[in-house]
Every structure is written in structure tokens, then in C-alpha cells.
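So the number in my numbering is just where the residue sits in the sequence shown, counting from 1, plus 2.
Wrong hints could be hidden among the right ones.
To be verified - Straight line, CA to CA, 30 Å or less: simulated DSBU-like cross-link-like pairs of lysine-lysine:
id	residue 1	residue 2
1	Lys13	Lys165
2	Lys165	Lys213
3	Lys13	Lys213
Unchecked claim - Label pairs and their calculated CB-CB ranges:
id	residue 1	residue 2	range
4	Leu113	Pro33	21 to 27 Å
5	Gly121	Thr262	28 to 34 Å
6	Val39	Leu207	22 to 28 Å
7	Asp57	Glu249	22 to 28 Å
These are computed hints drawn from the structure, not numbers from a lab. In this text, a Cβ means the ideal position worked out from N, Cα and C, and glycines have one as well.
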Amino acid sequence: MSAGTIRTIYKSEAGAREIRRRYQEVLDAWPVPAEQVRVPTREGETFVLVSGPRDAPPVVLLHGSGANAAAWQGDITTWARHLRTHAVDIIGEPGLSAPSRPPLDSEAHALWLDEVLDGLGIARAPLVGMSLGGWVATDYAIRRPDRVTRLALLCPGGLGRQKTGWLAKAVLLRLTGRQGTHRSASLVTGLDAEQFRPVLDSVVLTFTRFKPRTERLPVFPDSALRGLGMPVQVTVGARDVMFDSHETVRRVRRCVPHATVHLLPETGHAILGQGDSVLAFLRDGAEAAVRP
Numbered sequence: 003m004s005a006g007t008i009r010t011i012y013k014s015e016a017g018a019r020e021i022r023r024r025y026q027e028v029l030d031a032w033p034v035p036a037e038q039v040r041v042p043t044r045e046g047e048t049f050v051l052v053s054g055p056r057d058a059p060p061v062v063l064l065h066g067s068g069a070n071a072a073a074w075q076g077d078i079t080t081w082a083r084h085l086r087t088h089a090v091d092i093i094g095e096p097g098l099s100a101p102s103r104p105p106l107d108s109e110a111h112a113l114w115l116d117e118v119l120d121g122l123g124i125a126r127a128p129l130v131g132m133s134l135g136g137w138v139a140t141d142y143a144i145r146r147p148d149r150v151t152r153l154a155l156l157c158p159g160g161l162g163r164q165k166t167g168w169l170a171k172a173v174l175l176r177l178t179g180r181q182g183t184h185r186s187a188s189l190v191t192g193l194d195a196e197q198f199r200p201v202l203d204s205v206v207l208t209f210t211r212f213k214p215r216t217e218r219l220p221v222f223p224d225s226a227l228r229g230l231g232m233p234v235q236v237t238v239g240a241r242d243v244m245f246d247s248h249e250t251v252r253r254v255r256r257c258v259p260h261a262t263v264h265l266l267p268e269t270g271h272a273i274l275g276q277g278d279s280v281l282a283f284l285r286d287g288a289e290a291a292v293r294p
């Protein structure tokens, strides 16, 4: 990858190296045995971290913006006992996949994910998506319903209104120095600054060195959501400052009446500790995930 390419999504080459170094530390300490797979696609190489028994039903994991497969570190031990997990580094994000950012208002991400699944030998499987990854998963389920057996969404984009009110406050906090930057990360994630300091340290590291996407996530029309015939589970935090969770709940209940919806009253955008709930949902349909 050229230095010019790196600068398209990172603020500097040094910042890119630091994020990759920290990510490698996470991969080296991954809590379960894992294979590091690189899949060639039309958008460039895609990195996938694969864990769990080879003969277990597959599941595909899609992280949020400004993240990578490390987002699943807290849940992977639970999931990999029962499932073959495929944690995909989304293109254009600070992982080990290509920096490509094709238009969101197109079929580009679905075509990319087609090639990722084909490269992994997965014909049909459940998708688990968080935030941006929830948008990618929903978009794929709408466009490729025959390939998605179940859809588990955590604070997904594209369902409720994307908020912007937090931006000005976050910028002001960052101007007050390192402590303000941590408070800004706490505001955006909804995580307690002391209890989740290591997590927030990672968020601060990433967003002081990485250029996140700036375009709004396209909102899926009601007609598209009504086409989601597979089992769906949606989990959102009532205190999410990035997406209107109450609107998400209303739209899902109206357009996808068979969906299971969890509204967590004291939770913000970062939804942690839902591994058991997601696993129970996934295992209900494990027999539906097949390989060619």
C-alpha cells in the first residue's frame, strides 16, 4: 500500500503505523485461536479474522466506524465455542483491509461483501452488524435476502435519524486538551470515563490519527425494511447520541413486525455485554447457515 493511499484515511503515515501497531497487539493477544485470512475483492484486499470450530455454523461480523475486528474481542470467546466466526475488517476503516470507500448510496458494498463471502466459502449465513457495520449488514440483507439467514443489529445506522447535535460539544471538549478529548469520547460512546478508560483510550488513539467517513449513512425506506423476511434482532441504547434509537425502534416495529427489539434504557451508542443475547438469537437459526 502506498504512502499516498494511507493518507487518504489516516492523518499521517506515523498515525497509520501507530494504529496498525496497536491492532497487531490485539491480534497477537486474541483470546481464542484464530486464522488471519485475506480475501481479494474488487475494492482491494479484505482482512478477516476467523475463529471457532471448522465444522460449526458460520457467522459474519461487521464492526462499526473507526474500528476493526478488535470490536468483537469481548464476545468472541463466547461465540467461538459454538460458531465459526468471521470478523471482517470493513474497507475504508482502520483495520487491515483496503482503504477503499465506494459510495454508500450504491450497490458497491453489497458487491464487495458478495466477494468476501465467496472467498470465505460461505453461501448463506447470519450477519451481526454494529453501527456502520449494522448499516452494511442491513443493506446486504435487503439486496441479498437469499444469502442472509439472520440479522443481528447493534446500534445500527440507516434506521433512525442520524443525530448531529453532539458534534459541536465534542469539538469544544477536544479543544480543552487530552482530558477533554477523553470526555468527548465518553460523550460519543456513552461509556463511563473511568470504568471504560482502556476502551476510551483506544477510541481517542484512533480518532486523533484516522479520518472517519463524513457522509451521512443513507436511511433505508420503509419498503426496503418490509422486505426483510429473515429473523431480525435489533438492540439499541436509549441514550445513543449518534442515532435516534426511539425512531429506530418505531420503524422496526412498524416495518419488521416479526423482529425482536431490545431498547436498553441506560445505554448509549456503544453497546457492550450483549454477547449472550446475540448468541442465543444466532443459535436459534444455526441450522440455516450453510456452505456450498
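Index of numbered hints that the structure contradicts, given in increasing order | The structure breaks hints 4, 7; every other hint is satisfied.
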